[in-house]
Each structure stands twice: as structure tokens, then as C-alpha cells.
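Engineer: Make a model of the complete structure from these sequences and hints.
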Amino acid sequence: MFSIARSELTQIFRNRAVLITSLIMPVAAAAFFIRFRETFGQIGSLGYVGAVIVFTIAAFSLYATTVTTLAARRQDLFLKRLRSTAASDASILTGLVLPVTVISAVQVGVILGVFAVLSDGPADVPLLVLGVVATFVMMLALGLATAGITNSPEHAQVTSLPLSLGVVAVTSWVGITGTQDLTLLKRLLPGGAATELIVNAWNGGAPLGDSLVLLAPTLAWVVVAVALALRMFRWEPRH
Amino acid sequence: MTTTPAIDIDRLNITYGDFHAVKNLSFQVEQGELYALLGTNGAGKTSTLEVVEGHRKASSGTVRVLGKSPGDRRAVRPRMGIMLQESGFSPDLTVAESIRLIGRLSGRTDSERRVLGVVDLTGKADTRVSQLSGGEKRRLDFATAVYGRPELIFLDEPTTGLDIQSRDALWDAVEQLRHDGSTVVLTTHYLEEAQQRADRIGLMHRGTFRHEGTVAELTRTLPAAIQFSLPPGAPAPLVQAGPGPDGSYLIETFELQSDLKQLLDWAHAHEVELLGLSAAPTRLDDVFRAIDAEPVPAAPAA
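Chains as they are written, first to last, in the working numbering: chain A, 1 to 239; chain B, 240 to 541.
Keep in mind the hints are simulated off the structure, nothing from the lab.
Hints may be right or wrong, so weigh each one.
Below, simulated DMTMM-like cross-link-like pairs (lysine to aspartate or glutamate); rule was C-alpha separation at most 20 Å, straight line [unchecked claim]:
id	chain 1	residue 1	chain 2	residue 2
1	B	K296	A	D181
2	B	K262	B	D531
3	B	K262	B	D247
4	B	K296	A	E236
5	B	K307	A	D89
Structural biologist: Here it is as C-alpha cells:
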């Protein structure tokens, strides 16, 4: 698993296109949100800024990169090659997504850390971590599922767009307008409940019980995403 | 003591939707053997190989590899090396990195330098796979298959795109492995390779074996050929068939030696020069060409 992860890291760093569009661009976007945090804080809240940073990185650094690299590895028959060895499917997949997951986690950690220093830090760190982890697992599994319908790394730019833009849009909608109206819809959309959870964790003030209720739809999305990944992921190109 | 066969396939069926790619196929590959699985395009050999390698599930039937299920990667894969038909390496990794990664994942141990030496890629160790020629990629693939000298090796069209020197070097390496006791399963489009190297051949056509046996057994089913033409004014020879449109004679025979002697005796007696004389046993190519002309045999009772 770790030898696969190491080779995957090498491949990501040697492929400049992936590096720039998937890893550097989200950091630039996050820096933009932090630079104009006061404006965004007035539009929504500082918690919204935190949530949109988490989802930008989860949607682009994590999700889009996962779709792109898995599609590339399958197109090159690298996945089939790995499956010709003694490694199990689980360790192959874990090894493949481990580097991009770690990179994304470090990005979120560092950027939220900087944001915390510049603003009033998160009110509830454990709840924030829980929200980030749930978001990451959901986006990773959705990445595996999307990779299943993606034929090439170029195709990934099309197939990954609806969900990556979609969840960031949901985050902004929920983060800016709150969940007083259309509560059920907002919470059931992918990323909706997770956004509210992260906003609450950052701003504080919401009773813990209310926040924990938000975990249900968040975890339901994790389950749906994993189920989709198991159904849709493919190891070999279609002939 | 009877040894377990390296590969044991019993009534294998593979279907894709309505298409029955492999039908009731049964065969065994003994340990230490070089077995060539040959066939026309779409005969089902790749599907069969994929099931044996553990890349695909059989629709029905049993397949044992080294006495185990091919799906049991942890048990089977460290003992077998696979050379895929299409290499499957990441273009962004170097030759050495690719060998190190796949070698380690195989569960076997070997020295990277030794393996690079076997395929003459030592000078390319730090070259990215994307920079390799087609032939070099085939050699890299072969290198990962023989990493750690596995006891069972699959070579799926191993010499496609290789120049003569590389081809000879590859077969030398295979001979060495066989000398050390490895079993080899081969598919190839170069029939002379199979004819020279294989102990036994399974010839597939439309999902079943049309022939199976040693090269001698296979070629024995078809007649040998004597060909010649006559100078103008020569007397007609004592053969049933007349000359073809180009004036040459073709005699097909199961008794090459005696028929050839008869012809030469006749030519000697009449002082006739046989132009362009050739006499050859049946080649595997001819067995192949004959496949489509043969009636389809009745399916064996299941």
C-alpha cells in the first residue's frame, strides 16, 4: 500500500497539469476567501468562509484530482498492472488515493489554521474536524464513483465539474442564506448538512444536539457515496 | 507421486451477455511445460488467459492455478509472473521505479539490476516510461514478469514489436527460466515461435479447442507438400494432379519420404530437371489455415 502511495505521489508531482489545476488553484481560491474574509463574513458569516474553504479543497484538490488520476491510471492500464500483483484491491485503492488525501488534509489544516489566527478561531474544534472528515470521505467515495464513468483524464474535466461546482454552490447557498427556510431541502442536498455543521462549529452558539442531528444526513451521504463507488468504479477500460 | 498440474481447467465457460466466448474448455498445463495457447482472432484465448490470471471471473467451470483459485491473489500471485498484452505502466514513472514498484508488489524478491540486465534496459533505468519505444516497453513488461524468477510465467504475445536481437534475448531468458523449472504459458501470433518453443499447443477456434497436442501431433493431421515445375518439353510425371495455372506441380502427401524418392527416381530416369523443387512437412501456419475449412466438431457432452 505504501509503495503504491509513494509511486502515486511521484506521479502527481511529475504531472504539472494535475499539480496546477487540482492542487494549486484551490489554494489560490482559499487565499482569496481569506483575503476578503470580512466581506464574506458580512455576506454570510466567518463560519461560511471556513465551510467554503473546506469544500473548495474537498471538491477540487481531493475530488477532481481523484477522478483525474484514477481515470489516467485506468486508461494507461496501470490499474490492471497493479491488479496483476499480489496486492489486494483495497490496498491498491487506498495506496492510490492516500497521497491526494494527505495533501488535501494538509491544505485544509494549514489554510484553516491561518484563517483561525486571522479571525476568531473555530468555537468547536472536534466538531469542525468531524465535519471535515465526513466531507472528505463523501467526496473521496464520490470521486471513485465518478472515475467509473470517466474514460480519460481529459474527460474528467467534464465529468467532475457538476459535482465539484454543485457542492461548492450548495455550500454557498446554505452558508449565506442559512437554513431557516427550505430547511429540509438544504440539509438533504449533498454537502448541505455538512456545511451547516462546519458553520456551527466555527461560529459556535448552536446547541451541540442540533449539530449532531446534522450528522445524520452527512453520514447518509457518506453511505450513498460509498455505495455508488462500489457500484460504479471500474478497474479496466471499456473495450 | 503425482504432481499437481500448474494449471488445471475443467469445463470453463465465459460469456459476455449473449456471446459465448469460451465453451466447455478443459485442459491442463503440467509443471515445467511450455504451453502455447494459440487461436484465430476472437477465438477466446485472451478471455481464457484472463480467467487463469485472475483478471476475470469464469461464468462456469473450475480453474486451479498451482493448485489454488486464481482469485486468491495473496497465495497465487507471488508464484506467478504476468506479461500483459498491453503493458500498463505509468508514463510518469521511470523504468527503475516501475520495476521496483511492481516487483515489490509481486511479493517476490530480486535485484533490480539483475532484471534490468536480463532485458538489456540497464542504460534506460532512469528514463521515463513515456520515452520508451514499443519494443522497450515490451521488455520492461517481460522484466516485471520474470522478477524474482516465478515458477509460473504468462507471456501474452511477448515478442510483438521486438527486433530480432531482443527476441532472441527474450527466448534465451525464457530457456534459462525453464532450465530452472519454471512453467510457461504463451500466446503468440508468430507461429514459428510456438512451433520451435512449445512442448504442447492448444489451438482455439470459436471458444473451443480445435486441436490440442504436441507440434508433431498437430502437423501430422495435415499432409506435407512437394512442389516443383518442369522445363518445357519434359515428359509428364506420374502424379495424379496436373500442373497449376502457373505450370507448377503440388503434391500433397502423408508419405513425404517415399513419394519424394519416387519423384526423384522418375526425374533421374527421364533426365528431367525439377525446377524450384521444395519438399516440406506441414507447418503450423497450414494447420491454422485449415481451421476454417474444417467442419465444426460436435460439442463434447458436458
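Engineer: Indicate, hint by hint, whether the structure satisfies it.
Structural biologist: Okay, the hints, checked on the actual structure:
In summary, the hint linking K296 (chain B) to D181 (chain A) is not supported, as the alpha carbons are separated by about 52 Å, beyond the 20 Å threshold. A hinted pair counts as satisfied when its Cα atoms are at most 20 Å apart, and K262 (chain B) with D531 (chain B) qualifies at roughly 18 Å. For the proposed pair K262 (chain B) and D247 (chain B), the alpha carbon gap of about 16 Å is at most 20 Å, so the pair holds. The suggested pairing of K296 (chain B) with E236 (chain A) holds, with an alpha-carbon distance near 14 Å, which does not exceed 20 Å.
Restraint check: the Cα-Cα separation between K307 (chain B) and D89 (chain A) comes to about 19 Å, which is no more than 20 Å; the hinted pair holds.
The structure shown violates just one earlier hint, number 1.
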